[in-house]
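Mind docking chain C on chain U? Use the hints.
Residue numbers (the working numbering), protein chains in the order written: chain U, 1 to 497; chain C, 1 to 325.
Some hints here could point you the wrong way.
[What the hints assert, rightly or not] In silico SDA-like pairs for lysine to any residue, Cα to Cα no more than 20 Å straight-line: (1) U:K196 - U:I243; (2) U:K480 - U:E456; (3) C:K71 - U:E456; (4) C:K71 - U:A105; (5) C:K71 - U:K480; (6) U:K327 - C:P110; (7) C:K71 - U:G252; (8) C:K71 - U:A102; (9) U:K327 - U:G417; (10) U:K169 - U:P100; (11) U:K327 - C:Q118; (12) U:K327 - U:V348; (13) C:K71 - U:P103; (14) C:K71 - U:Q64; (15) C:K71 - U:D120; (16) U:K327 - U:R413; (17) C:K237 - C:K284; (18) U:K292 - U:H332; (19) C:K71 - U:D106; (20) U:K247 - U:L34; (21) U:K327 - C:Q112; (22) U:K327 - C:K284; (23) C:K71 - U:T108; (24) C:K71 - U:Y109.
Hints were generated in silico from the structure; no laboratory data involved.
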Amino acid sequence: MKTFALALTIALTPALAAAANNDPGAGSWQMIVLSSPTQFSVPAPLSTTSIAYQTELAAIRSAQAQITDGQRTAITYWSKGGVLAWNQLLLEFVARADLPPAPRADGTYPAPDANNPFADPMFPFGNPPYASRAYSYVTVAQYEALKVAWYYKYLYNRPSPSAVDRGIKALVPTNDLPAYPSEDAVVAGVTVEILKLLFPTMVDEINAKAAEQQMSAYLSGKASASDLAAGLALGQAIAPVFIARAKGDGMGAAGSPAGIPALSAATAARGEVPWQSLEIPARPPMLPLFGKVKAWMMTPDDVLKERPGAPPSTSSGQMARELAEVKDAVTHLTREQLAIVYNWADGVSTATPPGHWNFIAWPYVQQSGFSEVRVARTFALLNMALHDAAVGCWDAKFAYFNPRPSQLDPEIRTVIGLPNFPSYVSGHSTYSAAAADVLSYLFPAGAASFDAMKEEAAISRLYGGIHYRSDIEVGKTHGKRIGDYTLRFALHDGADR
Amino acid sequence: MVSRYCDARAVTVLSVTPMKILSFVLLFSALAVPLRAQTIDDGIMMTAGSLQTGEIYTRDTWNQYWEGTLKRTNGNIGTITTQSNALSAVYGFTNRLMVVGMVPYVWTRPSQGVLQGQGGMQDMTIGGKYAFIERSSAKYGALRAIVAVSGSFPLSSYTPDFAPLSIGTQSQRISPRLTLNYQTDTGVYLTGTTSYTRRADVTLDRPYYFTDNQFFLTNRVEMPNVADYTVAVGYLKHDLNTHVTFSQQTTQGGGDIRRQDAPFVSNRVNFSKIGAMAMYPIPKINAVAFQFAVAHVLDGRNVGQSTTFSFGFLYSRAAQRRLIR
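Only chain U is shown next, with the shape it has when bound in the complex (with noise of 0.2 Å):
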């Protein structure tokens, strides 16, 4: 596929160069979801000498004799590891997805409909909250799967077919990790489950792409059809468990708009001018209760617990002075200052903020020579800490319902769209700030970047002329706060070297 061909060029350093360390104890990583590995049965599987298993390695060898140039693209494609694969077609549905609902004829907006995701709108509307969302579950469910192979594989210890077979080429760089249950189908089979509720438009891409991951470890020696049979079983009967807990956890009612009206005849009875969209028509906020969305590392009292003191008062001497602060940037923009906006604008159409520091993940994953288990980690802390950001600054934007620039001074114009909910605090900083406390403590040699990367991330929105300096200063360090919970977490997980 041409779009990830690209994505070579983003990283080019070879993904397999060596895998240092296969990360044998993660079957003992604390888990974040489920209970134990052994919540799960995977049975024992069939001995390397016995007939069924030489059956399946003479169809292997018969295979590869075979092998089509079209397989052997698809096997370099998926040898950068199927956690690092996914993760760049995730970013793709949600670029995909991320399209808000165009209004009616009578100025109101319909609300997509996840019983019927092909009707105008589509869904889901791939917006940053959902995105985030989105990101956290699919690597939170491929890490929790893969301690759960993990843990068989070294249980069980079945070597790799071209391990086993001589006649058998590995086709992609071998690692002595046990086959047995496929870390490929294990991933294929839990991911595609709950993309289907997820992205559920894009059920037959997602059935290729699982198809394919499979087909590539099955061709490239990796593993034998049982490996793939056990693991895609094992992926399968751990789904369910992310699934329940995506159903419950408040997504559905986070779109209602019902508590608008109270929720901006309180913030006026406080004093403060209450936020108003400025679409036209008038378009009700992106889900004002994504702030009641359950988080991974935080408890609803712990969102309370860090939401930011109130912003600057809208009648006050300092938002006068944050508003001239505004409108003087976005009126005399540098054309450096202009390309900041632009780099970040991450809008309509794009993987959103938490899929850019998906992206900026990336180079550094393919550098790292981690195993596949200890890649799921680090794309589960990254989105577990993105989705709290979320969560945490959603709840912020609908208590304090604060007026973007534009409202109070309608000659601000801005250089971007201006997104359509609250402006205290800026999820650009919030996002930031949480993706490059948790980056900062994965690969330390890149936390001068990711610290320079989120400072321009979250003053490119003073600059677009769409957040006060307060919403990006405060938005960091909540940002911060709410990424070092994952990072508390990550620190005795058992993983940290």
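Just chain C, lined up with the frame of chain U:
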């Protein structure tokens, strides 16, 4: 009265002033707007040694556009107005070979919503045309065939990523063109012209983008090429030049604007439009001609249904040798 053209039976094609809805259409305005009546795409050739300079103001507005093939309005932009002031110059090396050049300043404004209009120097266009066939007979009138080539390149670092308010596409372009012109002794003429524009990649300020149902992990955007043609029926006598045109542009690739999405620089922008133009020397100042043109988009894809007005003045300096004579 001495004609300002080397052959009085010359033709001007009303070049298409595309509604600049999508930043991208600006491409064509850049080529076409300011060169009207002395342009790369008309049937006129200059007298050897003569120079014509011009200043043309163009105002282009639309409030409906095609989102893919769906025609709609958008309250977040209201009416988009794109204006330009362009300076142009044309010089005839010989009666058969001439060069043209022009630079436009372009600015945009939405009537509604919070988005900021953009403005700046857009793209310089330079080109040359050569009349490789010139035939005339008393019985059948005159026939001329012209080959032309023009190139355009951005003059400033305006963003191409803020459609429909961007002032251009930032794409370097080269357009070979063929023009046929037939003129009768009565002054009535017919012109047909067609070109194919090759467009260089555009670089965005962001590392990825989604278009044409694909997610591209690069800041480079491949720009589809563009074909266009125009037919004109006109009347040219005693330096009154007037005509009506029909034009069509077809982009050879690119994605549609998705539902409720913003336009993208490489969208498939197609349209057909009609236009009319009149040009006449100002009495007693024969070296200066006034020109007025109007055009309207009939149908389109990923483009605004714009109406365009333009007017300007063209100053001609006849060939020195003619003055001597």
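Now for the hints, and whether the structure bears them out:
1. U:K196 - U:I243: OK: U:K196 and U:I243 at ~10 Å, within 20 Å.
2. U:K480 - U:E456: Given that 20 Å is the threshold and the Cα spacing comes to 15 Å, the pair holds.
3. C:K71 - U:E456: 38 Å, violated
4. C:K71 - U:A105: 13 Å, holds
5. C:K71 - U:K480: Measuring from Cα to Cα gives roughly 46 Å; hence the hint is violated.
6. U:K327 - C:P110: 18 Å, holds
7. C:K71 - U:G252: 33 Å, violated
8. C:K71 - U:A102: Judged against 20 Å, a Cα distance of about 13 Å means the pair holds.
9. U:K327 - U:G417: Distance ~16 Å between U:K327 and U:G417 Cα, so the pair holds.
10. U:K169 - U:P100: The given pair, whose Cα atoms are some 49 Å apart, is violated under the 20 Å limit.
11. U:K327 - C:Q118: 16 Å, holds
12. U:K327 - U:V348: 24 Å, violated
13. C:K71 - U:P103: 14 Å, holds
14. C:K71 - U:Q64: 53 Å, violated
15. C:K71 - U:D120: 16 Å, holds
16. U:K327 - U:R413: Within the cut-off at roughly 8 Å; holds.
17. C:K237 - C:K284: This hinted pair holds, its Cα atoms lying about 18 Å apart.
18. U:K292 - U:H332: Not OK: U:K292 and U:H332 at ~39 Å, beyond 20 Å, violated.
19. C:K71 - U:D106: This hinted pair holds, its Cα atoms lying about 17 Å apart.
20. U:K247 - U:L34: OK: U:K247 and U:L34 at ~16 Å, within 20 Å.
21. U:K327 - C:Q112: Holds, at roughly 18 Å.
22. U:K327 - C:K284: 51 Å, violated
23. C:K71 - U:T108: 19 Å, holds
24. C:K71 - U:Y109: 18 Å, holds
Figure legend: structure checked against the earlier numbered hints; hints not met, in rising order: 3, 5, 7, 10, 12, 14, 18 and 22.
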